[in-house]
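Place chain F on chain H using the hints.
The chain contents come next:
Number of protein chains: 2
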Amino acid sequence: MPQSLSGTVGDAGEFVLVDALTSRFPQGDDVLVGPGDDAAVLLLPGGQAVVSVDMLVQKRDFRLDWSTATDIGHKAAAASMSDINAMGGRPTALLVALGAAPDLDAGWALELADGLAAEAAKVGCSVVGGDIARADAITISITAVGVCDHPVVRRSGAQPGDMVALAGRQGWAEAGLAVLGRGFRSPRVVVDAHRRPQPPYDAGPEAAELGATSMIDISDGLLQDLGHIASASALAIDVDTSCFEVPEPLQAVGAALGVDPMRFVLAGGEDFGVVATFGAARMLPAGWRVIGRVVDAGAPGVVTVDGALSEGAGGHQQFR
Amino acid sequence: MPQSLSGTVGDAGEFVLVDALTSRFPQGDDVLVGPGDDAAVLLLPGGQAVVSVDMLVQKRDFRLDWSTATDIGHKAAAASMSDINAMGGRPTALLVALGAAPDLDAGWALELADGLAAEAAKVGCSVVGGDIARADAITISITAVGVCDHPVVRRSGAQPGDMVALAGRQGWAEAGLAVLGRGFRSPRVVVDAHRRPQPPYDAGPEAAELGATSMIDISDGLLQDLGHIASASALAIDVDTSCFEVPEPLQAVGAALGVDPMRFVLAGGEDFGVVATFGAARMLPAGWRVIGRVVDAGAPGVVTVDGALSEGAGGHQQFR
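Heads up: the sequence lines are chains H and F, in that order.
So the first sequence is numbered by my numbering: it starts at -15 and just counts up by one.
So the second sequence is numbered by my numbering: it starts at -15 and just counts up by one.
Just chain H, same shape as in the assembly (with noise of 0.2 Å):
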């Protein structure tokens, strides 16, 4: 049923506003995933695509002064990649559209297609279009397409027992973000982890191999990405923290500023590691670390901490 809302976006928040919207949206028969998950997949004669959109704008998603234009394109085209990465997919092609102002300087322009296609040719994924638009603030949109050479994975197969794994850093970027939030400039190697993520690309098609039941990517938390898993799969997960070793830098960063470093590995996102549920016996190779469970107690998507109901770890969310 199509959903109404009442006020203004910011009083509904990102996610009520994306469930509103998407209810709009009647799927054809040729759709196999619709909105609601990291990307879409599509039916197409003689195969399938997975595909996916993010937006960035400046000031909200980045800044001039903190990042590069090569470190926004790395930044912008990873942040798009992972989400075919969390279907389990390879990222074959990006199209970009770029929303500028006529007085931006046309090298950085250059040096953001420069940092676009580098991060891109990590994976082997070629920049085939776009599109320039006038427009005060810039505005960088990317679309991937990727294919899937196992079953996607989705959001909603998790099972009670299964064990929840992530690969990838953890709580890097927001360590660097709160560095830079402070005027600071180092540690670098967080910093830099702001600057231009390293998803773990071989992962997701890695889990999707080994038939994980479930998977996101986290953009824009990891407790809160891990309740998008929770919700769709309607159970709940519990996160053992004892199974994280916090890294050095951010043990100096949280001492540094006074935070609790567990904080950046709880809340943080924009590392774009994957977060995957597996059933409980798999083996799971290097580069997979367990970090919970998944539960049929509680309430269904809740995510709890070591078995307690965590406070003020909220992720990213547009809006609010």
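Misleading hints may appear alongside valid ones.
No copy labels: a pair is met if it fits in one copy or bridges any two.
[Claimed, not checked] As a list, the in silico DMTMM-like pairs of lysine to aspartate or glutamate whose alpha-carbon atoms are at most 25 Å apart:
(1) Lys106 - Asp3
(2) Lys43 - Asp55
(3) Lys43 - Asp176
(4) Lys106 - Glu95
(5) Lys43 - Asp280
(6) Lys106 - Asp176
No wet-lab data here; the hints were simulated from the structure.
Chain F in isolation, oriented as in the chain H frame:
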């Protein structure tokens, strides 16, 4: 070779900027058509996909006092699906990235969604996903994915002696824009044409089936877009204005505003008709009108009108 640019993007202009940007993007073997055409064509396991993106920005590409949210949804979807049409493809899926401020009325966003869904439904296309970003100006980026039952038709295949033929309305949206720009709201039929273009979605696949040698959609202006065919095909095109019967509403607007209505026809964009070239002996079905000829006289890339260079009939170009 990767190109460089000095100065601003406004100094460069859209076409030079796009050329320089795309020179930075190497293309993989799985890219059948890369940047520089109406859409890209990807080789996927078992098939092909045709993909394109368009970005529209409030005040630059649409105005909230001239168009409803539903109108804007229709038009944004039409603009992107037209690019698939212009390759000879059928759009099957759209992705929508929406940038909006928190104080945007949520109902406006839902009406936008309704317009997108309704335009997509005209051709059995689904809105399969999207993204939301926070932005000061409403920004809409639409990615279209399509399939093609026949070999795609590019801009570059026109042959000397080919006839040039047009399908769809031409000049109506431009006349509507002229009316709105003078503060009027009628004739309603041209204002509606500006608000909700009616691309001839059957014409693209039809032209592909008929073996069109080149094709483009008219988004920025008939002469300008024909210039892209002429440039890509390294030939010249002559448009014969005696082939056009200027429709009565365009004549009325021209008379009221003191403008030659043929200017709407030659320079107008955003009706999203398609113009294609066909071998001279080809019979064309209803809906197509021959409007000119491909010639190998004169400079490659030049478009003449009734055998003469046309002045002041340029179309739309970003930043200029």
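We went through each hint and held it up to the structure:
Taking the closest pair of Cα atoms, lysine 106 and aspartate 3 come within 25 Å of each other only across two copies (23 Å); inside a single copy the shortest separation is 34 Å, beyond that limit. Taking the closest pair of Cα atoms, lysine 43 and aspartate 55 come within 25 Å of each other only inside a single copy of the chain (15 Å); across copies the shortest separation is 30 Å, beyond that limit. Taking CA atoms no more than 25 Å apart as the test, lysine 43 paired with aspartate 176 passes inside one copy only; the shortest distance there is 18 Å, against 36 Å between copies. Proximity of lysine 106 and glutamate 95 under a CA criterion of 25 Å is satisfied intra-copy only: 17 Å inside one chain copy versus 40 Å between copies.
With identical chains, the CA atoms of lysine 43 and aspartate 280 are never at most 25 Å apart, being 41 Å at best within one copy and 51 Å at best between copies. In the homo-oligomer, the alpha carbons of lysine 106 and aspartate 176 lie at most 25 Å apart inside one protomer (17 Å), although the nearest pairing across protomers, at 47 Å, exceeds that limit.
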